[in-house]
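First to last, the protein sequences are chains A and B.
The first sequence runs 232 to 650 under the working numbering.
The second sequence runs 232 to 650 under the working numbering.
Since the hints were derived computationally from the structure, they do not count as laboratory data.
Misleading hints may appear alongside valid ones.
The list makes no distinction among identical chains, and a pair is therefore deemed to hold if it is satisfied within one copy or across any two copies.
[Unchecked claim] SDA-like cross-link-like pairs, simulated, lysine to any residue; straight-line CA separation at most 25 angstroms:
1) K375 / Q283
2) K413 / D278
3) K459 / Q283
4) K323 / Q283
5) K375 / G523
6) K425 / D247
7) K375 / G589
8) K348 / R376
9) K547 / R620
10) K333 / S468
11) K349 / E560
Number of protein chains: 2
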Amino acid sequence: MTANISLLSIGNELLDGRTTDTNATFLGALLEQHGYSLKYCLKAADDMTDIQDALDYLTSHSDFIVVSGGLGPTSDDLTRDAIAAFCDCPLKLSEEDLLRIKKYYTERGRDFQEANKKQAYFPNGSKIISNHGGTASGFHLSHKRSIILSLPGVPREFRTMLQGDVLPILSSHFPLEQKKQKISCRLFDMPESKAAGIVTGCKLPESVQVGYRAHFPELEISLSTQDKNINLEELYSKISTQLGQEYIYTKNSSYHLPEVVHQLLLESGKTLALAESCTGGGISSVLTDYSGSSKYLRGGAVTYSNESKTTLLGVKEETLRTHGAVSHETVLEMASGARKALQADLALSVSGIAGPEGGSEEKPVGTFFIGLATANDCISRHFLFPAARDMVRTKAIYNALDLIRRYLLGLSLSGRAKD
Amino acid sequence: MTANISLLSIGNELLDGRTTDTNATFLGALLEQHGYSLKYCLKAADDMTDIQDALDYLTSHSDFIVVSGGLGPTSDDLTRDAIAAFCDCPLKLSEEDLLRIKKYYTERGRDFQEANKKQAYFPNGSKIISNHGGTASGFHLSHKRSIILSLPGVPREFRTMLQGDVLPILSSHFPLEQKKQKISCRLFDMPESKAAGIVTGCKLPESVQVGYRAHFPELEISLSTQDKNINLEELYSKISTQLGQEYIYTKNSSYHLPEVVHQLLLESGKTLALAESCTGGGISSVLTDYSGSSKYLRGGAVTYSNESKTTLLGVKEETLRTHGAVSHETVLEMASGARKALQADLALSVSGIAGPEGGSEEKPVGTFFIGLATANDCISRHFLFPAARDMVRTKAIYNALDLIRRYLLGLSLSGRAKD
Numbered sequence: 232m233t234a235n236i237s238l239l240s241i242g243n244e245l246l247d248g249r250t251t252d253t254n255a256t257f258l259g260a261l262l263e264q265h266g267y268s269l270k271y272c273l274k275a276a277d278d279m280t281d282i283q284d285a286l287d288y289l290t291s292h293s294d295f296i297v298v299s300g301g302l303g304p305t306s307d308d309l310t311r312d313a314i315a316a317f318c319d320c321p322l323k324l325s326e327e328d329l330l331r332i333k334k335y336y337t338e339r340g341r342d343f344q345e346a347n348k349k350q351a352y353f354p355n356g357s358k359i360i361s362n363h364g365g366t367a368s369g370f371h372l373s374h375k376r377s378i379i380l381s382l383p384g385v386p387r388e389f390r391t392m393l394q395g396d397v398l399p400i401l402s403s404h405f406p407l408e409q410k411k412q413k414i415s416c417r418l419f420d421m422p423e424s425k426a427a428g429i430v431t432g433c434k435l436p437e438s439v440q441v442g443y444r445a446h447f448p449e450l451e452i453s454l455s456t457q458d459k460n461i462n463l464e465e466l467y468s469k470i471s472t473q474l475g476q477e478y479i480y481t482k483n484s485s486y487h488l489p490e491v492v493h494q495l496l497l498e499s500g501k502t503l504a505l506a507e508s509c510t511g512g513g514i515s516s517v518l519t520d521y522s523g524s525s526k527y528l529r530g531g532a533v534t535y536s537n538e539s540k541t542t543l544l545g546v547k548e549e550t551l552r553t554h555g556a557v558s559h560e561t562v563l564e565m566a567s568g569a570r571k572a573l574q575a576d577l578a579l580s581v582s583g584i585a586g587p588e589g590g591s592e593e594k595p596v597g598t599f600f601i602g603l604a605t606a607n608d609c610i611s612r613h614f615l616f617p618a619a620r621d622m623v624r625t626k627a628i629y630n631a632l633d634l635i636r637r638y639l640l641g642l643s644l645s646g647r648a649k650d
Numbered sequence: 232m233t234a235n236i237s238l239l240s241i242g243n244e245l246l247d248g249r250t251t252d253t254n255a256t257f258l259g260a261l262l263e264q265h266g267y268s269l270k271y272c273l274k275a276a277d278d279m280t281d282i283q284d285a286l287d288y289l290t291s292h293s294d295f296i297v298v299s300g301g302l303g304p305t306s307d308d309l310t311r312d313a314i315a316a317f318c319d320c321p322l323k324l325s326e327e328d329l330l331r332i333k334k335y336y337t338e339r340g341r342d343f344q345e346a347n348k349k350q351a352y353f354p355n356g357s358k359i360i361s362n363h364g365g366t367a368s369g370f371h372l373s374h375k376r377s378i379i380l381s382l383p384g385v386p387r388e389f390r391t392m393l394q395g396d397v398l399p400i401l402s403s404h405f406p407l408e409q410k411k412q413k414i415s416c417r418l419f420d421m422p423e424s425k426a427a428g429i430v431t432g433c434k435l436p437e438s439v440q441v442g443y444r445a446h447f448p449e450l451e452i453s454l455s456t457q458d459k460n461i462n463l464e465e466l467y468s469k470i471s472t473q474l475g476q477e478y479i480y481t482k483n484s485s486y487h488l489p490e491v492v493h494q495l496l497l498e499s500g501k502t503l504a505l506a507e508s509c510t511g512g513g514i515s516s517v518l519t520d521y522s523g524s525s526k527y528l529r530g531g532a533v534t535y536s537n538e539s540k541t542t543l544l545g546v547k548e549e550t551l552r553t554h555g556a557v558s559h560e561t562v563l564e565m566a567s568g569a570r571k572a573l574q575a576d577l578a579l580s581v582s583g584i585a586g587p588e589g590g591s592e593e594k595p596v597g598t599f600f601i602g603l604a605t606a607n608d609c610i611s612r613h614f615l616f617p618a619a620r621d622m623v624r625t626k627a628i629y630n631a632l633d634l635i636r637r638y639l640l641g642l643s644l645s646g647r648a649k650d
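Chain A with its partners taken away, still in its complex shape (with noise of 0.2 angstroms):
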């Protein structure tokens, strides 16, 4: 049997833009890895009512109900009360957690708040989840068909006691029967409709779920299915095959570009220098995100002005008068220099106009070049991405990491044509 889950998260702090509810996201992707999978998340204000008509809904579509924050010591701190009047189970006081929560406090040296007292109660026939990190102990008790497990909100003690307590409560009431099988692929330069509509050519079968999520600039697709007969990687050997393979970074996993681009110059062995103009450091300091870039990152140089072109990199006087610092040959002579100057096995160079001004007719915003020198070549690559500057910019570094990427695995350097 699947076991319908669902989340309810209480607190104002979420509804009110505070805070963002990253204890979702951690439960939905710790119950996706043990084979289960999140039904609905439910938001509700410090408010009685609210949570219990909450709860209303969600015991009526889900089997499983874990009920984030609200359990702290103070009068906006509602769960408990709430959980016990939508059972109809009184709250009463454990004697075992009060003293679990006093010794919390003489442990740190502190003394105990009389407002914490109110932690040390639970509905009536619940049982206790011990919190060892924190004073909020958490409980579950079973309402008509489904369980309600409630958990302290501090993320830290949510997600300490969903993988200590709750996992294992969860697969006792409903253990797995078989596994869903799964795969998926990260692609970089492939527009989301091309995508679906290669993969809707495939004609897979209709048990097989096909999954796309486009998280600019990269889009992820993942298959599954709940069917033991379907052989998932035959399938995806065919789709990955009509997709191109060159434009799948990463299979199976949840890396970005810009970490896949890291592990491969690791792995090389190879230095690199980097010369950035519309980018504006932006390459640079995604690959200094990772540690261990110091074992392959040279230094870089961001050369916005035509002079700090020619100071840094030794770009010709003549070659920005004649073709502009945004042209094939700036970047080659950028990327070169650059080069050089660092003494590096490869650099790169990137050259544009992320706009929204400095575009003209003929080089309109969104227009770059990156360039690419090696031990035996310099190459250069012309795109058009009229779009906002944050996204001009954003696009111009992932391309200039993907011919990186292109480089170091023997690809194509041009790519194809994108629509």
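Since the structure of chain A is already known, use the hints to place chain B on it.
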């Protein structure tokens, strides 16, 4: 009349842990800012029944339902179908919107895909909310006592359409009778617990609510009240003096520190050069996010290796040998070297140990130095912020920007003790 507003976020990726729902946070904050509030947030999977069940619940509990996501061109995008079925308003092609989508592609030099045609269908009787930044337009329609409003889930499009189109629709249906008084400010280099202690010490009237929101490494404090007789400006003035005006970098705005520094640099007429080691181009990258940064940013050097510090910035080999790359002496030479090489009025330099490797007893992970070179002075500051790599880097970027802010405003450059 107060509107009960809800959000329904649709997408498997929100339930399986791949994506955190930041649209909920944005909507909550926006409503709060305009005197409204969010009652429920519900997430549902890409499933016809689940979406309709969710709509059934939300329409019976709220007057205005914003639906986010599921308007894409692929087979798992079911929001328009589900709303059409739920409201019994069959989908109808909008020729006008189809033209808009085709134009969207043409303008970007891409071919229109048949899959996108689906996005020009809207429930009969609904009003279209045009999308100027993507292919999926939104729409809204009345159902019984409620208004259902559907928007694309891509955060950038969702946000633009919320602010530009949805707020006017909301306020035309639910005009606010009286606005809450509200003042907010944002601080840098002020721990939340310290700020809370100071504000508590100011003994505010009970009808004034104080909100704290830590958005690393910034802190926002807001004061609000429904009481017309309270002089909130006077209270704010008292509190801000106690906190220290120099820590407050903006008032009543949603600017982050980098944008404030960007504005100050534009107004100052001074040019800037950057020399970054451990921040890896991060300072440069955040400043060039803003249009117009080319007016002051001459360029920068990302000098990860010792050699690059010498080649690009002229840091003496002896300085590196004697004092190390992470030292007062090195950041001073980096700053003055960058100022000279890039012919700028000001130069900022950073060198440090972001970790997790590379720390020593003398210079543990989280150690960083910031240098500032001006026409008359060269100063450097030492910091220790032991934390995870990305936090150390962010903290170093913000401290460097704050040093420029303090310099341009004529404030103390040394700051004061933090706790």
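Checked hints:
Taking the closest pair of Cα atoms, K375 and Q283 come within 25 angstroms of each other both inside a single copy (15 angstroms) and across two copies (24 angstroms). For a Cα distance limit of 25 angstroms, the shortest separation of K413 from D278 across copies, 18 angstroms, qualifies, whereas the shortest one inside one copy, 40 angstroms, does not. For a Cα distance limit of 25 angstroms, the shortest separation of K459 from Q283 qualifies neither inside one copy, at 40 angstroms, nor across copies, at 30 angstroms. Taking the closest pair of Cα atoms, K323 and Q283 come within 25 angstroms of each other only inside a single copy of the chain (19 angstroms); across copies the shortest separation is 39 angstroms, beyond that limit.
Taking CA atoms no more than 25 angstroms apart as the test, K375 paired with G523 passes in neither setting, with 49 angstroms inside one copy and 59 angstroms between copies. For a Cα distance limit of 25 angstroms, the shortest separation of K425 from D247 across copies, 24 angstroms, qualifies, whereas the shortest one inside one copy, 38 angstroms, does not. With identical chains, the CA atoms of K375 and G589 are never at most 25 angstroms apart, being 64 angstroms at best within one copy and 50 angstroms at best between copies. In the homo-oligomer, the alpha carbons of K348 and R376 never lie at most 25 angstroms apart, since the shortest distance is 31 angstroms inside one protomer and 44 angstroms across protomers.
With identical chains, the CA atoms of K547 and R620 are never at most 25 angstroms apart, being 28 angstroms at best within one copy and 38 angstroms at best between copies. In the homo-oligomer, the alpha carbons of K333 and S468 never lie at most 25 angstroms apart, since the shortest distance is 54 angstroms inside one protomer and 33 angstroms across protomers. Taking the shortest Cα distances, K349 and E560 never come within 25 angstroms of each other, neither inside one copy (63 angstroms) nor across copies (43 angstroms).
Going down the numbered hints, you'll see the structure goes against 3, 5, 7, 8, 9, 10, 11, while the others check out.
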